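Novice: Protein sequences appear in the order of chains P and W. Just so you know, we're using the numbering used here here: the first sequence kicks off at 1 and counts up by one. Just so you know, we're using the numbering used here here: the second sequence kicks off at 1 and counts up by one.
The hints are simulated quantities; they were obtained by calculation from the structure and are not laboratory data. Being a predicted model, the structure only gives us computed values, none of them experimental. Note that beta-carbon positions come from the ideal geometry of N, C-alpha and C, so glycine has one too. You may find that some hints are simply not true.
Derived coverage of chain W by chain P (criterion: at least 3 residues anywhere in the stretch with Cβ under 8 Å from a Cβ of chain P; other residues may be distant) [claimed, not checked]:
no. : region
1   : 9 to 18
2   : 94 to 108
3   : 111 to 117
Chain P residues, not near chain W, derived (Cβ > 12 Å throughout) [said to hold, decoys possible]:
no. : residue
4   : H135
5   : P222
6   : V244
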Amino acid sequence: MVWGPMIAWYLFLAGASAGAFITAAFVARKYPDSVKMRVAGRLIAPVFMAIGLLLLMLDAEAGMHDPLRFVYLVLNPGSVMTLGVYFICIYMPVCLIAAILEIRKTPVPGWLDWIGIISAFCVAAYTGFLLGVVHAYPLWNNAILPILFVISALSAGLAATSLIGLITDRERFEQMWLVKKSHVILSAIEAIVLFTMLVIVNSGSPEGAASVHSLIAGQYAPLFWGGLVILGLIAPFMIEGYPVFITKKPETSTTSLVVSIIGESGVLIGGFVLRLLIVLAALPVAFL
Amino acid sequence: MARYGMLIDTKKCVGCYACRIACQMINGLPSDEAFIKFYEEEQGSYPNVYAENVPVQCMHCEDAPCQTVCPTTATYTTDSGVVLVDEKKCIGCKYCMAACPYNARVQLHPSGVVEKCRFCWYEGEPGNPPACVGTCISGARIFGDLDDPESEICKEIARTNAQPLAGDLTRAKIYYVR
Ligand code: SF4
Ligand code: SF4
Numbered sequence: 001m002v003w004g005p006m007i008a009w010y011l012f013l014a015g016a017s018a019g020a021f022i023t024a025a026f027v028a029r030k031y032p033d034s035v036k037m038r039v040a041g042r043l044i045a046p047v048f049m050a051i052g053l054l055l056l057m058l059d060a061e062a063g064m065h066d067p068l069r070f071v072y073l074v075l076n077p078g079s080v081m082t083l084g085v086y087f088i089c090i091y092m093p094v095c096l097i098a099a100i101l102e103i104r105k106t107p108v109p110g111w112l113d114w115i116g117i118i119s120a121f122c123v124a125a126y127t128g129f130l131l132g133v134v135h136a137y138p139l140w141n142n143a144i145l146p147i148l149f150v151i152s153a154l155s156a157g158l159a160a161t162s163l164i165g166l167i168t169d170r171e172r173f174e175q176m177w178l179v180k181k182s183h184v185i186l187s188a189i190e191a192i193v194l195f196t197m198l199v200i201v202n203s204g205s206p207e208g209a210a211s212v213h214s215l216i217a218g219q220y221a222p223l224f225w226g227g228l229v230i231l232g233l234i235a236p237f238m239i240e241g242y243p244v245f246i247t248k249k250p251e252t253s254t255t256s257l258v259v260s261i262i263g264e265s266g267v268l269i270g271g272f273v274l275r276l277l278i279v280l281a282a283l284p285v286a287f288l
Numbered sequence: 001m002a003r004y005g006m007l008i009d010t011k012k013c014v015g016c017y018a019c020r021i022a023c024q025m026i027n028g029l030p031s032d033e034a035f036i037k038f039y040e041e042e043q044g045s046y047p048n049v050y051a052e053n054v055p056v057q058c059m060h061c062e063d064a065p066c067q068t069v070c071p072t073t074a075t076y077t078t079d080s081g082v083v084l085v086d087e088k089k090c091i092g093c094k095y096c097m098a099a100c101p102y103n104a105r106v107q108l109h110p111s112g113v114v115e116k117c118r119f120c121w122y123e124g125e126p127g128n129p130p131a132c133v134g135t136c137i138s139g140a141r142i143f144g145d146l147d148d149p150e151s152e153i154c155k156e157i158a159r160t161n162a163q164p165l166a167g168d169l170t171r172a173k174i175y176y177v178r
């Protein structure tokens with residue numbers, strides 16, 4: 001395999017960063033009093049992105065020997081990687097400034113927030129297109145992968161932010177129905193999109209079918225079912241869905257706190273596992 | 001302008017790996033890094049089966065996917081159609097390795113640069129002939145200008161009806177007799 005866990009981490013962190021920024025912007029608008037959660041999202045965004053970029057650079061061996069070469073990354077606008085660099089060049093400073101403003105307790109101007117939201121979407125989508133344009137791997141080369149990555153990015157960013165909201169400011173967090181609802185809905189959409197993608201890839205080519213098989217029944221099956229489907233999709237859906245659709249009242253017990261923490265962590269683990277599996281399980285089209 | 005390409009006759013290839021070693025020598029590669037990879041294909045039907053040796057290296061694709069994705073423009077194509085890597089620009093991101101459908105790219109160590117067959121390009125010209133062609137013990141390889149109908153390679157492609165390895169997977173400039 002060309003890429004490994006390091007790139008999977010990068011794809012995950014970039015996506016979760018974008019998701020966290022969007023979550024913070026959303027919370028700022030809908031729940032101006034939920035300061036802790038908003039600040040959490042604002043801080044997670046640049047930190048995750050920075051760690052991700054570091055990993056990305058560490059994986060580029062020749063660049064590490066001669067870091068000035070990274071400047072050349074802007075030269076080929078026809079490459080999705082170069083496009084990603086453009087997006088990150090906008091996104092990273094914006095989310096850094098937003099974080100600094102937030103730390104200094106100055107309100108983030110609306111226009112800055114919007115630039116951040118749009119560039120965050122672009123960053124999340126580019127991580128999907130990066131793989132999506134590679135014809136050699138049917139598991140990547142389909143129109144659904146970027147959508148899946150964007151949804152999973154939103155979901156992971158929301159989970160990272162919620163996790164902190166849940167621990168630091170539980171009372172408020174339990175009242176944020178819109179956040180909770182979005183969370184449940186995102187899990188459901190992600191499951192449907194994942195399923196659709198696997199069906200399409202499976203029917204598209206023998207190599208695609210072999211990749212899908214390795215995920216659902218082959219060497220990656222334990223990670224796929226355990227890490228992605230159960231921990232990353234079903235558990236969070238049920239854990240968040242229960243108060244949102246069944247009891248319809250805020251939880252206060254310690255048990256529910258623990259269960260919620262498991263749910264949010266599950267989304268994060270699932271988000272990473274998704275990217276790891278997509279990177280590892282892709283098989284190239286045969287040329288002989 | 002010439003448009004360089006190669007013909008490989010798998011019927012003549014005996015699988016001696018001489019081309020691969022010559023390539024490693026001229027490019028200074030260690031024994032575990034090579035620009036030519038060998039694949040064995042089972043051919044024929046019982047009882048007349050045989051193992052076909054298929055040496056595979058960079059096809060110098062006219063629509064090179066490796067070049068499209070290369071973010072630094074380290075990968076480029078010369079006027080004569082040879083796909084090259086500028087080792088001073090490559091950051092080793094491996095995007096080209098992912099994009100190449102022939103598994104033709106190799107990450108070199110310790111530099112981290114991703115390289116491949118370059119038709120022994122040296123000082124603005126390809127090798128005359130490249131090392132693999134010059135060294136082949138059975139004459140299974142021909143190198144030349146695909147745009148010159150009088151060239152040995154063009155005549156041989158026409159005579160043997162040689163085809164690229166994988167149909168229209170990419171517009172490859174290495175032709176195979178199989
Ligand atoms: S064979 Fe691979 S490395 Fe060579 S030009 Fe084509 S895509 Fe690029
Ligand atoms: S590894 Fe080097 S040649 Fe390949 S895409 Fe990256 S920068 Fe370009």
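Novice: Among the hints numbered above, which are violated by the structure, and what are their numbers in rising order?
Specialist: 1 and 4
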